[in-house]
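Given chain W's structure and the hints, the job is docking chain P onto it.
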Amino acid sequence: MIRLASLLILLGLVPIARVLWDPTGPNAIHSTFFGMPAVGAGIVLYLATRVFGGRSTR
Amino acid sequence: MGGDLGPLFVAKPHFQVLWIVGLSGVAIAAAIALYALVRGEVSRELGLAGLALVPGFVIVIANLDMVDHSTELQFCGSCHEPMAPLVAALLAPGADSLAAIHYQSGAVRGDTACYTCHSGYGLLGDVAAKRAGLGHMWHELWGSYDYPLAMNKPFDIDACLECHRHAPKFQAVPFHTDPATQAALISREISCTGACHPSAHPAEALNGSRAKP
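Top to bottom, those sequences are chains W and P.
With our numbering applied, the first sequence covers 14 to 71.
With our numbering applied, the second sequence covers 649 to 861.
In short, the hints are calculated from the structure, not lab data.
Cβ-Cβ distance ranges computed for the label pairs, FRET-style:
(1) Gly66/W with Glu729/P: 42 to 50 Å
(2) Trp34/W with Ala832/P: 44 to 52 Å
(3) Leu696/P with Asp35/W: 29 to 37 Å
(4) Trp790/P with Val64/W: 30 to 38 Å
(5) Leu666/P with Val64/W: 25 to 33 Å
(6) Asp806/P with Gly66/W: 48 to 56 Å
(7) Asp806/P with Val64/W: 47 to 55 Å
(8) Leu701/P with Gly66/W: 15 to 23 Å
(9) Lys778/P with Asp35/W: 14 to 22 Å
Cβ coordinates follow ideal geometry from the N, Cα and C atoms, glycine included.
Just chain W, same shape as in the assembly (with noise of 0.2 Å):
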């Protein structure tokens, strides 16, 4: 679980990188439709893994 919300997040902050850097450029707003709901899944998977994963972290 660890491993795919690191994923997720990896994922999402690509596109948001990108939308930081121009965001006016073309598909800027495609890159956060993706990107921010990428991290914010790999967030909330990680807490929820934390939560109810007891101590183990993997």
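Here is chain P on its own, set in the frame of chain W:
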């Protein structure tokens, strides 16, 4: 734009820190996420920082940055299919649509021309514009725009009056002070454009960039 006319026509760059802060956060979060992805485990403190707090902070910063830049003409024009023809019509030399007249005469700020007229009046107008913008993003994302583009409710003429109502030239027009006309305008029975003033945008620009000429 205007750079070849000399330094007087080049806008001064705005120093903005949001994107620098945001990209720094992206770098930190990406490094920790990559570490966690490779190792398959991460300490509680590092995980909380790199997989929750910093990415969450980045989302907030990216949203703030996007909201800031979404007022720009260039941002509106980046939705190529529906908006590029409208922006092109705005910039076309000799264009006589109401939007082009305002833009080309300097009656609105060039870099935020779309937002100035379409955001409505006051703070609530800004909020409404952002809410409408989410709908625009949705349609752009799924290609679900209906052409020709049309407003889904009467244009908020307070956006016009915000600038014009104080102008002696505007007040001196008898039609503007006619009670019947004012009642019709306030009730949105009529609008500024159409009958009295030229259309805001040329009809052919409302068909999207895929429309046949």
